[in-house]
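The whole structure should be built from the sequences, with the hints applied where relevant.
So you can see what is in the structure, the chains are spelled out below.
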Amino acid sequence: MHWPKGVEGLCYGGDYNPEQWPEEVWDDDVALMREAGVNLVSVGVFSWARLEPRPGEYDFGWLDRVMDKLHSGGIGVNLATPTASPPPWFTLAHPDALNTRPDGVRQVHGSRDTYDICAPAYREASRSIAAKVAERYAGHPALAMWHVHNEYGSATFSAHAETNFRAWLQQKYSTLEALNAAWWGSFWSQHYSDWDQILAPRATQYLANPAHELDFKRFTSDAMLGHFIEQRDILRAANPEVPITTNLVFGQWVPVDPWRWASEVDLIAFDSYPGDPGERAEQISALHADLSRSWAGGGDWLLMEQNAAEISTPYGPVSKTPGRMARHSMIHISRGSKGAMYFQWRAGRGGAEQWHSALVPHAGKNTRMFREVVDFGQALPSIAHTIESPVKTDTAILWSPDSWWATGIGHLPAPIDYFEDVAQIHRVLRDRGVVVDFVSPEGDLSGYRTVFAPSTYVLSRAAAENLRWFTAGGGRLVASSLTGAVDEHCQVWLDGYLGGLTDLFGIRVTEHLPQPPGELRALWNFGAAEKFCELVELRGAQCVTQYAAGDLIENQPAVTVNPFGEGEAWYVSCKLVDEAWDRLFEALELQGPGGQGVDVIDRGQWRFIINHTTAETQIGHVIIPAGSWAVDKTPQ
Amino acid sequence: MHWPKGVEGLCYGGDYNPEQWPEEVWDDDVALMREAGVNLVSVGVFSWARLEPRPGEYDFGWLDRVMDKLHSGGIGVNLATPTASPPPWFTLAHPDALNTRPDGVRQVHGSRDTYDICAPAYREASRSIAAKVAERYAGHPALAMWHVHNEYGSATFSAHAETNFRAWLQQKYSTLEALNAAWWGSFWSQHYSDWDQILAPRATQYLANPAHELDFKRFTSDAMLGHFIEQRDILRAANPEVPITTNLVFGQWVPVDPWRWASEVDLIAFDSYPGDPGERAEQISALHADLSRSWAGGGDWLLMEQNAAEISTPYGPVSKTPGRMARHSMIHISRGSKGAMYFQWRAGRGGAEQWHSALVPHAGKNTRMFREVVDFGQALPSIAHTIESPVKTDTAILWSPDSWWATGIGHLPAPIDYFEDVAQIHRVLRDRGVVVDFVSPEGDLSGYRTVFAPSTYVLSRAAAENLRWFTAGGGRLVASSLTGAVDEHCQVWLDGYLGGLTDLFGIRVTEHLPQPPGELRALWNFGAAEKFCELVELRGAQCVTQYAAGDLIENQPAVTVNPFGEGEAWYVSCKLVDEAWDRLFEALELQGPGGQGVDVIDRGQWRFIINHTTAETQIGHVIIPAGSWAVDKTPQ
Amino acid sequence: MHWPKGVEGLCYGGDYNPEQWPEEVWDDDVALMREAGVNLVSVGVFSWARLEPRPGEYDFGWLDRVMDKLHSGGIGVNLATPTASPPPWFTLAHPDALNTRPDGVRQVHGSRDTYDICAPAYREASRSIAAKVAERYAGHPALAMWHVHNEYGSATFSAHAETNFRAWLQQKYSTLEALNAAWWGSFWSQHYSDWDQILAPRATQYLANPAHELDFKRFTSDAMLGHFIEQRDILRAANPEVPITTNLVFGQWVPVDPWRWASEVDLIAFDSYPGDPGERAEQISALHADLSRSWAGGGDWLLMEQNAAEISTPYGPVSKTPGRMARHSMIHISRGSKGAMYFQWRAGRGGAEQWHSALVPHAGKNTRMFREVVDFGQALPSIAHTIESPVKTDTAILWSPDSWWATGIGHLPAPIDYFEDVAQIHRVLRDRGVVVDFVSPEGDLSGYRTVFAPSTYVLSRAAAENLRWFTAGGGRLVASSLTGAVDEHCQVWLDGYLGGLTDLFGIRVTEHLPQPPGELRALWNFGAAEKFCELVELRGAQCVTQYAAGDLIENQPAVTVNPFGEGEAWYVSCKLVDEAWDRLFEALELQGPGGQGVDVIDRGQWRFIINHTTAETQIGHVIIPAGSWAVDKTPQ
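Chains as they are written, first to last, in the working numbering: chain C, 1 to 636; chain X, 1001 to 1636; chain A, 2001 to 2636.
Misleading hints may appear alongside valid ones.
[Claimed, not checked] Simulated restraints, written as ranges between beta carbons of each label pair:
| no. | chain 1 | residue 1 | chain 2 | residue 2 | range |
| --- | --- | --- | --- | --- | --- |
| 1 | X | Ala1181 | A | Trp2253 | 43 to 51 Å |
| 2 | X | Asp1503 | A | Trp2021 | 18 to 26 Å |
| 3 | C | Gly410 | X | Trp1062 | 50 to 58 Å |
| 4 | X | Ala1181 | A | Ala2131 | 55 to 63 Å |
| 5 | X | Ser1072 | C | Pro314 | 34 to 42 Å |
| 6 | C | Asp276 | A | Asp2503 | 37 to 45 Å |
| 7 | A | Asp2059 | X | Glu1135 | 57 to 65 Å |
| 8 | C | Pro635 | A | Leu2494 | 47 to 55 Å |
| 9 | A | Trp2021 | X | Thr1175 | 14 to 22 Å |
| 10 | X | Arg1539 | C | Gly410 | 20 to 28 Å |
| 11 | X | Glu1057 | C | Asp103 | 27 to 35 Å |
| 12 | X | Pro1120 | A | Trp2021 | 58 to 66 Å |
| 13 | A | Arg2054 | X | Pro1120 | 25 to 33 Å |
| 14 | A | Ser2263 | C | Pro322 | 48 to 56 Å |
What the hints contain is simulated information worked out from the structure, not anything from laboratory work.
Every residue gets a Cβ at the ideal spot worked out from N, C-alpha and C, and that includes glycine.
Take a look at the structure:
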């Protein structure tokens, strides 16, 4: 097991930036951490300019003192390499190491993430500072874990990126003929006759090539992974016993494929920032947790960051009501996180994120916020015995980064919001008390009874075979509209879509029928569909329900099921509303304990209960007050 | 008559891109085309990289085989010069031949239209590839028509453009004094003392000069026309018997003035893409058709592209319901198109427009879509006898590209949507069964009884004289608000606006009165006005109706009429709602057959009827089912 | 007293651009000006290209004739230096003198304000042309005032700006250590080790540093002031008797701090452009007037521009109804403006602002507009005797440009609209008939009974001491939420916010609680709060009202008051709705004459009454018809 070295029980703590504060504050910090039960803090993220104030001139003194002080306080350190923000002297000396926007604008320093992940000078400097940090602290007794970089995700469209992209493409396709074929190069005269003609998908006159865009996302993920691996290997060489991680950030704009990264990190670490202040915050937190656990293959993972006191929304922050901080943390812990970490320990006095909430607010320890922090920190040891019990489920949802990215490129056959379609199934299942795993479309499906493929737009040949094998072997596959619309090269699956699995589903999809916004289409006894439907031709499947009305679709199949091998394949040919999915899950007999605002997670002998509602609730014999949580024995 | 050589009856077909498909598909294509009655396809658009994969290295073999195969199938070819997308090797070798945005960003290849229309290298390469194509195929028996380039419309703000712009301005104004006067150069210190000081209207600090912007649009139209003419002359020299066209695309952003282009093409070709899924799709299709016929001077024109199965809207595609494809095509044919062409024959498998609908969908021939295509293709020969009957009307609307462009620059006296104001009159007249022509403000108005000048913001001296002559000679002129606000240099017509035609209208407009959004102003017995009114001073005209209330305008003239010479000049001093226009048309005794969702077009002895409603309708003795169309004899 | 030399009574006139018109129009202009009672016009703004058509080649002949003609007509000239728009020849010769956007795009000429305020070549050319103008016209009898430049406000992010910014920072901070500390440089590795590493806040990857942004705003204000002073000193040397001004423009985007400029100009001149067509136009006009008078320290100021006939809104212009032009002008005059000037005298025929309204419309003098102009011009002399009576009030509102700028940077603790919060208090007080001054947070508060500090986000150490002194001395301080959140370096005031004045207010603010949009939180007997509340801990203050409900805040203090020294400090811990402020003002016994759409301003023995309502009203014995105004004796 990869675990922060020396940390006992569940991890509790957050990002700690002593370099921003005078040393007299540090003692106060350690005292407050002890009061709150903090046992792990992330140190050194963004500290490069303080560690190496001038080229080759290092100042580790302050960090030595911080590490020692934390160690004396019994607090482990998740020590970061500081490469997520090179110092101003570096970017000034290497302007080509600054990232470039698609329109060619090279961004300047003055924020964070001001680097070009593909620039040789930046890669060299990253290795160098990582080696310095490794050399000095690999044996420090406070060191619990290495935290490489921070939230990989800033893409670049520079000449450096293009050079690396071409090499990556040569590796992938070997020949230009193969690339031209994969990218459908004859469209719009995009046939390449030399590798040097291939550019990053920079600003162009009109629509871009989706295969080109998708490969560039994948390339960027690999380029970032290369940067990670270089540092990881340096750190590992310095002390093979310290686990190494990096904190994943999540969004369609993030060119990181966690499935590809999972095997390279010792521990999946995730930063969870749901962006909606309503109950969607809990829904998305649960989804984040299930994703993280699944990336970790059911193994170790850790919630590395969350917003302590607020939810950041597009229209500004919204406060978390009392207890919500603990409940959000418990959503993650109950779903397998080995603790609850936060951004950040102490609220910053200046800088761009001075208003990001923290465990220690600006107003100090005499605040209701810090009191909640202490209460929760004191409660955590009482559930430390649950750590080893794994989360188990026989239901899974496919998570396809390719589909997310590809549907973000635009110009689609119908309005599709891939993430929302995934989140919807997760949400409605959670409302029925069903806990799910996520799986890569090409991942191991054995052990699952039911697998959902929601709007899995990109379905590779390998993934299609995977689904075929799963169903033939007795699995229950439930796919929804647009699944298998295109293959791994964003090329349409001809003659019926469905990733070529028309025999599996016993249907052909012959047409997409996008509707005007706001129109609903009723299904017989099954709620309604919105946004679009598909025209389905039965080729052996049974019709579960039909459209009640509508041009072309009246009485046409809406939901179908087809026995295949030992299993069966369901298909939902439209974007259902929540109620219709609920109706389908009822038909599939998917029901767990809890639901409707009450999370109940059974992990072996331990049952986690989180009551997000404003009323007391009883689960089995356990009474949970409104807004509270508990861990009890799972009823036998 | 210029007509696709060798094509009999109405043209039917679409863009065909065999270069994107393996050759085994080609035979299937020809067979399906024959099944559907296709007799003309556009080939070679965007094929440059396949025709000239490396500089000076040509590969015509595939195209030879395609041409031969189509000819064997009896299908004519509308053969394109491929200049709308230069190959990547070209743009990489000539970065200055890529177009430049107003902010100076030079766009890269990776889409379509990645060229600088003013770059000498691009012009040279365009001539060269056009000559190669001409040389090889001018005598091919499949060749029915030349299709130069594609949808001219991509502007550039490069140094090349500036050089050419200056030459164009010198040609136009001769002296800087004249230019400074025309552009009102003393405003904001924009007086030029040397031609070299004149730039393209690139990104600047605040509002731009409207005369400068308008001239740059006109220049760009001429620059593109120059590119067309160069190719046309090469093609014509190769075989004077083959007609030459280019497909016009339509939008305010398109710097192409069709009136200037009409005399240079052998056949007006138009791509019709209405962007609204409601009944506005039919309204705009009819407007497109009437515009195209008018640009062709009532002569030959052809609907070159339309979306086969969907309507592209700002919020994504919306399916065409059954029969709508045929009805949209019939809107164009009934209004004079010599056929119905589509983008595209076969739905693409990859590339940016892989989801653009097609006559042969991804799911192949066994689809309701292809069945509709076959049905319509089989019906078309039955109306081929109508081709020679012209569309005749004595009602016309001015169409002023200058007004569209100038009102798009912003900073106007009132909220004005020029296109919508034109479309509104066209729409309400169509609802009354009245078919109209469009005319250039400086075009030939003889033969019309009634001419509308809706919001004709830019009115040149020549156009003003044209309207004076028309009215004096017995015509009925109906102008609406903001007509003649500025002259051809975007300079205000002083002392009453109206293009100086205050005597013609018998009024002066003394003030524009823009209203807060959403406010309506009632007219006596005449519906209401929205958005803004003008303050009108009577100078001899009669008042047709007045404003019922409103600061400054209560009881002031809203609609006026003035006898002038043998005719009369009406003026509508506000933006009327549809019902008010209908009331005015009733007063003008404008009424035709059909209307209200049923198009009835009488062309000599042939009457076209298209029922867009969801109910059966009877026109004369003919009963037309809901959503159907028919051609019958015009009642005598 | 600094006053336009030779102008008697209230100033009346506007921007006059004879260089745009043939000379025959000039005589007409002077005649119409005399008819309208115009006594002052601004001439020469933007005339550089006409005064110096080629480098070093001057043409003053036309301006000589204009000056002479105006003088003959008895009209004073507010003569501008033309530096707000360099001629095209200048910017072509000095491309580095064009301003640069944050993304590095250097903008071209073709608009106005196309200069880089920090470019040496531009500074040199500005001094040179100012000297030429000064030399020629300093002694001209028509010269009444100098108008330097126009609406300073166009920032630049060029290398020149960066050079000057660094010098400004060195002056301010002396050492890099001080700068790093002030900017909280350890956050995100922004520690600078060399002055050359400091850039303008150009396009960067993510959030920018607020202290950096704020200092750049202040620097830009000073850079512009430097440009002003250079010209001012040249003009003053040429004739010390002519007052010198520049017209201030107003908006959050404008990097000009009027408090810093006030002592450098002889007369505050202000351009008032309210952007809302409803009653907010009057509210904002009154606020503009009170701000201008306050910048002038209660002394001379002049409304230099306003839109004659329209209100420019984000969705286009909206006409001013009859009388509104006069009422808006009277708002300014009643609040201390020494006249009413307009943009512009004669409506332009061409150029970007050809549709900007004017005193003489395009349709000429025979218009209702010009008749209103004449009527108002003829009325003004009848109130000239009021000029010397000052506006006096014992109520003031803090106006903090730093707070406006800093809250515009984003990433705030709660949704805050600083300007709206100020405008709300001004508006509700105006509705109660209370006239207010504005004061700089560090300005002289003596003489005021009540001072409001609305959302004064940035509170410097000096300002905090100022408020302490004011309250201790007997003042009544009323601060609202977020006041004193950060100090002059955008660093949070720790341990309770409030600018460190927790003892003054007798409370600590422990947390900000931003709410979801649209939620209201009721206060006991006090209306409601929207957007956000603060959690307040009483430390001696009394609770005036509490929140009636809400997580964390139920029964917590909403409004508090604390006796301090001879005075008392009120605190409003939320964003109140208008009605709640009104309730508070009632408690504070703030009430004046008029209000509710009727402005009543008592200035010594003169009472100004403006009735903006649509009903007749009576104030004392005076009856004012709807939409009218009057000046009467103040009742004793």
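We went through each hint and held it up to the structure:
The hinted range of 43 to 51 Å is not satisfied by X/Ala1181 and A/Trp2253, whose Cβ atoms lie roughly 34 Å apart. At about 24 Å, the CB distance of X/Asp1503 to A/Trp2021 agrees with the hint of 18 to 26 Å. The given range of 50 to 58 Å is broken by C/Gly410 and X/Trp1062, whose C-beta atoms sit roughly 31 Å from each other. Separation of X/Ala1181 from A/Ala2131 is about 30 Å and departs from the stated range, judged on CB atoms against 55 to 63 Å.
Separation of X/Ser1072 from C/Pro314 is about 60 Å and departs from the stated range, judged on CB atoms against 34 to 42 Å. Range check, C/Asp276 to A/Asp2503: Cβ separation about 40 Å, and the 37 to 45 Å hint holds. Take A/Asp2059 and X/Glu1135: their Cβ atoms lie about 59 Å apart, and the range 57 to 65 Å holds. A hinted range of 47 to 55 Å holds for the C-beta pair C/Pro635 and A/Leu2494, which are about 50 Å apart.
Restraint check, A/Trp2021 to X/Thr1175: a C-beta distance of roughly 20 Å satisfies the suggested window 14 to 22 Å. A C-beta distance of roughly 55 Å is found between X/Arg1539 and C/Gly410, which places it outside the suggested range of 20 to 28 Å. Roughly 33 Å separates the CB atoms of X/Glu1057 and C/Asp103, a value that falls within the hinted 27 to 35 Å. Hint check: X/Pro1120 to A/Trp2021, Cβ distance near 42 Å, so the stated range 58 to 66 Å is violated.
For the hinted restraint 25 to 33 Å between A/Arg2054 and X/Pro1120, the CB-CB distance of approximately 31 Å keeps it satisfied. Taken as a hint, the range 48 to 56 Å holds for the pair A/Ser2263 and C/Pro322, whose Cβ atoms sit roughly 51 Å apart.
Hint compliance for this structure: hints 1, 3, 4, 5, 10, 12 are broken, all remaining hints hold.
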